[in-house]
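**Student:** With these hints in hand, go ahead and build the complete structure from the sequences.
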Amino acid sequence: MALAAEWNVLADEWTTGKRDVGTARRLLYLVWYVRVEPSFCTGVDTLPNADALWPELVSVVSDSAEDDFESALVFGYFVWFAPWVFGVGETWLPKARVSLEKALHIARRDGRTTDEIELIAFYLRAAGGK
Numbered sequence: 033m034a035l036a037a038e039w040n041v042l043a044d045e046w047t048t049g050k051r052d053v054g055t056a057r058r059l060l061y062l063v064w065y066v067r068v069e070p071s072f073c074t075g076v077d078t079l080p081n082a083d084a085l086w087p088e089l090v091s092v093v094s095d096s097a098e099d100d101f102e103s104a105l106v107f108g109y110f111v112w113f114a115p116w117v118f119g120v121g122e123t124w125l126p127k128a129r130v131s132l133e134k135a136l137h138i139a140r141r142d143g144r145t146t147d148e149i150e151l152i153a154f155y156l157r158a159a160g161g162k
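Heads up: the sequence shown begins at 33 in our numbering, then just goes up one per residue.
Everything labelled a hint here was simulated from the structure, so no lab data went into it.
Heads up, none of these hints are tricks.
Just the calculated beta-carbon pair ranges, DEER-fashion:
#  : residue 1 : residue 2 : range
1  : Ala37     : Thr146    : 36 to 42 Å
2  : Leu35     : Glu150    : 29 to 35 Å
3  : Arg157    : Asn81     : 34 to 40 Å
4  : Glu69     : Thr146    : 26 to 32 Å
5  : Val41     : Val120    : 31 to 37 Å
6  : Thr145    : Asp83     : 35 to 41 Å
7  : Asp99     : Phe154    : 18 to 24 Å
8  : Ser71     : Val41     : 16 to 22 Å
9  : Ala158    : Thr123    : 14 to 20 Å
10 : Ala84     : Asp142    : 33 to 39 Å
11 : Arg140    : Ala37     : 36 to 42 Å
12 : Glu38     : Gly160    : 32 to 38 Å
13 : Arg67     : Glu98     : 21 to 27 Å
14 : Val68     : Pro126    : 18 to 24 Å
We put the CB at the ideal spot given by N, CA and C, even for glycine.
**Tutor:** What follows is the structure in structure tokens.
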């Protein structure tokens, strides 16, 4: 029940004009999670208006991944872990690699911790990157 309640609050904020990247990432996560996990785990069958918001959320997060560490990591990981949630895997997996490469570049540039850098490098290798 808490998952659906969080969705309702954030989706209402989004549709009434609070359209920042952080809100988009949280909404994207909720939709992604409900689509990846079975309802007996999430306690949610569907999220109202999720299908309508999905393309915009994907666009906002993937566009912000250009120079935003959190968006690059989240987008790359979500696509790598479950490309079928986004569409045909052959189309999305290269986007996951690019996003994870950006996350790794930003992490190194910004002096992120060794653990963070190693985790991103692991995801990137698993996604077929270098």
